[in-house]
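All chains, full assembly: derive it from the sequences and hints.
Our numbering numbers the first residue of the sequence shown as 1 and each following residue consecutively.
Be aware that one or more of the hints could be misleading.
DSSO-like cross-link-like pairs, simulated, lysine-lysine; straight-line CA separation at most 27 Å [stated by the list, open to error]: (1) Lys291 - Lys189; (2) Lys88 - Lys411; (3) Lys403 - Lys476; (4) Lys88 - Lys476; (5) Lys371 - Lys452.
Each pair of labels, with its calculated beta carbon distance range [said to hold, decoys possible]: (6) Arg578 - Arg612: 30 to 38 Å; (7) Ser400 - Arg579: 56 to 64 Å; (8) Glu265 - Glu95: 15 to 23 Å.
If you are wondering where the hints come from, they were derived from the structure by calculation, not from laboratory data.
Idealized CB from N, CA, C, for every residue including glycine.
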Amino acid sequence: MYLISVPNLLKLDRMKPHQELLRQGALTAWNDSMRGRIIFVSHQWTAYANPDPDGDQLFALQQTLARLSEGETDVENDINMQLGGLLKGTVSGAEWKAMVPDMYVWLDFSSMAQPSAGPMPSEDLAEDDVTKNIDRSASGEDAEEQKSDDHRHSGGEVANCLNNGVASLPGYVELADFVFVLVPVVEHKDRCETCDFSSWRGRGWCRLELLACGLAPGNRRVIVVRGGSARVEFITQNDILNLSPGLGNFSCCAVGHDFGHGPVECDRIKIRKVLGLLLEGKIRTLFAEGKLQEARAFVALEQQFFRGLGDDVGGRRGSFFTLSQKAAHAMQASTDEQQASTDPSDAVCRLAGLQEVLQWSSNDQEKTFTKRTGMGLLAHAVIANDLLVVRHLLAGGTASSNKEEVNRRVKGLVELLGLDRMTPLMLAMSFSRFEIVESLLDAGADPTVCEKLQRLNALMVAAWHGRSANIAAWLKRFPEFDLERRNTFGMPALHIASMRGDNTLDTVRTLVDAGANLHSKNYCGATVLHATTMNLDIEAEATLRFYLERVPELLNHQQSTTSYTFKGILMFARFCARRGSKSRILQELARWEGDTPLAAAVGNYFNLPVARILCATPGIELESRNLMGNTPLDKVKANFGESPPTTFVELLTPSPGQPKTPGS
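So, in structure tokens, the structure goes:
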């Protein structure tokens with residue numbers, strides 16, 4: 001494992017490939033003294049053959065590291081984390097000033113051999129000990145594949161070194177203390193698209209790196225770098241269940257698996273192997289540490305992590321553990337025909353296998369575990385989407401015991417998975433086929449139950465996870481179900497569905513077809529258009545167009561709260577902001593009331609794809625002002641400092657002769 005020191009990185013005039021930096025002596029092999037001083041950089045290549053042809057990403061990284069090393073800026077949680085209650089965790093400028101000059105950076109182009117950069121220096125062809133240990137620690141086998149996402153395809157010794165490095169990505173992340181998501185606004189040289197945070201979230205390999213942050217042992221924090229002078233902030237890792245790597249975008253698929261040098265293997269095959277090692281390592285570690293609840297949850301969720309990486313890309317899609325025949329059978333993703341089996345022995349076999357992989361014992365200790373955590377065998381079978389086992393467990397219980405079990409709440413599960421306080425019914429609406437939902441309802445599950453913190457009901461959690469088929473079936477069973485039921489923030493299911501995910505449009509369409517109110521507003525007065533500006537995922541643009549076709553009158557709607565509680569909070573925030581408060585959450589809340597969807601898109605969420613659609617819509621008001629007097633461009637400048645991205649400035653500046661719009 002090779003890294004470049006921050007001082008050496010600041011001297012670069014361009015991103016240089018691994019072999020060139022090795023020959024120049026600019027790289028340092030990992031050693032134990034580096035612990036606590038490693039930055040892992042995750043980024044999207046902006047050309048097929050070169051990660052950063054114009055140097056925009058390197059410049060943003062250098063400027064950010066220089067600012068941090070001078071102690072010029074604190075780094076705190078982003079607004080979404082702070083609104084979720086995560087107010088602590090700021091790393092001060094003084095702390096960065098003490099750390100950064102002695103830190104090392106892992107960057108794929110510089111730290112891994114590049115086939116396009118010529119042969120490796122002969123003395124460096126051997127793998128280092130860290131790579132060996134990472135590659136073989138879980139599987140006991142040599143790594144075989146290389147990361148060919150945009151640009152990596154070759155053969156020979158250099159490719160073998162690259163193969164080993166790609167398979168070691170989880171280990172590299174594990175050694176890091178911070179992960180920098182490097183996402184300045186850059187136009188891709190070979191595709192007609194803009195690379196930014198939104199496109200990064202859509203890339204399969206970038207999703208894998210984010211997933212590795214959440215699954216690797218230890219604690220590391222993720223920082224988003226949007227530009228050299230942009231606000232630097234921590235972002236959450238809690239999207240790992242929604243941002244499945246296999247459902248992301250891959251350049252190899254876009255070009256028909258041929259970059260002009262002959263066929264290449266689909267990256268989904270490579271990702272499945274790396275993800276398998278990563279997930280297995282996480283589960284083994286949790287079991288070894290005695291963290292049964294978390295370990296068992298990850299076992300049950302295995303198929304969720306492997307979505308999009310199944311039989312369509314060949315090979316096995318199940319547990320990577322060495323299992324008994326029963327357990328291996330249980331962990332295989334079963335077909336609808338197998339799940340419809342009425343043979344009791346099939347259910348017994350799958351249940352025994354599930355118990356084995358959960359390390360479940362039939363004694364009083366498990367009763368205590370279930371009472372303490374709220375997660376019995378039924379909850380695990382629901383998460384694992386195993387209809388046979390669910391029906392078998394319910395058939396073996398009494399009516400009263402089943403009713404208690406199907407309404408038992410999960411307690412104390414890690415926030416990373418977002419399962420806390422949910423019942424089996426809510427878990428089924430999130431992760432399972434609707435037949436399981438029906439079985440739970442028939443056994444006495446309460447369809448009106450809500451998760452206690454954010455007041456999410458079963459329909460809302462299905463909307464959050466994009467389970468459009470479950471939503472359609474639910475509304476068929478409960479045609480009078482209240483679609484206007486609100487969560488803690490006043491958002492109905494339609495708003496929640498609009499905010500994120502890989503199946504946003506179909507979920508939104510299902511709710512609208514069922515009668516969801518397109519003019520609904522949350523407690524801050526935000527519309528469905530405002531909610532969609534939060535969506536940085538693959539279907540955000542299509543969802544926005546869907547709304548604009550149906551409710552174009554909401555294009556310039558300025559959010560205004562009708563809740564006295566929220567009105568008081570926002571007034572207090574404006575009062576503090578006008579008096580110079582440096583609190584991030586107060587500054588952001590001060591600028592909310594009066595925001596149009598465009599202002600929210602560019603000022604709160606930096607959502608360039610959505611902003612472009614809004615700006616191209618006839619009647620858009622580019623200079624509408626919120627209650628703090630800020631235009632959308634003002635909000636961009638507040639977040640990007642002295643050098644806002646040209647793309648945003650050009651987009652938000654009225655063209656000559658374009659009439660100015662009145663402020664609020």
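**OP:** Note whether the CB distance of serine 400 and arginine 579 lies within 56 to 64 Å or breaks it.
**Re:** 60 Å, holds
Original post:
Between lysine 403 and lysine 476, is the straight-line Cα distance small enough, at 27 Å or below?
Top reply: Since the Cα atoms of lysine 403 and lysine 476 sit roughly 23 Å apart, the hinted pair holds (cutoff 27 Å).
Original post:
Holds or violated: are the alpha carbons of lysine 291 and lysine 189 at most 27 Å from each other?
Top reply: Answer violated: lysine 291 to lysine 189 is near 47 Å, above 27 Å.
**OP:** Please work out if lysine 88 and lysine 476 have their alpha carbons no farther apart than 27 Å.
**Re:** This hinted pair is violated, its Cα atoms lying about 44 Å apart.
**OP:** Below or equal to 27 Å on CA atoms is what counts here, so check lysine 371 against lysine 452.
**Re:** Roughly 18 Å between the alpha carbons, so the hint for lysine 371 and lysine 452 holds.
Subject >> Cβ distance range 15 to 23 Å for glutamate 265 and glutamate 95, holds or violated >> reply: Once the Cβ atoms are compared, 44 Å apart, the range 15 to 23 Å for glutamate 95 and glutamate 265 is violated.
Original post:
Within a Cα-Cα threshold of 27 Å, do lysine 88 and lysine 411 meet the stated pairing?
Top reply: With Cα atoms ~23 Å apart, lysine 88 and lysine 411 stay inside 27 Å; holds.
Subject >> Cβ distance range 30 to 38 Å for arginine 578 and arginine 612, holds or violated >> reply: 32 Å, holds
Of the hints listed earlier, those the structure fails to meet are numbers 1, 4 and 8, in rising order.
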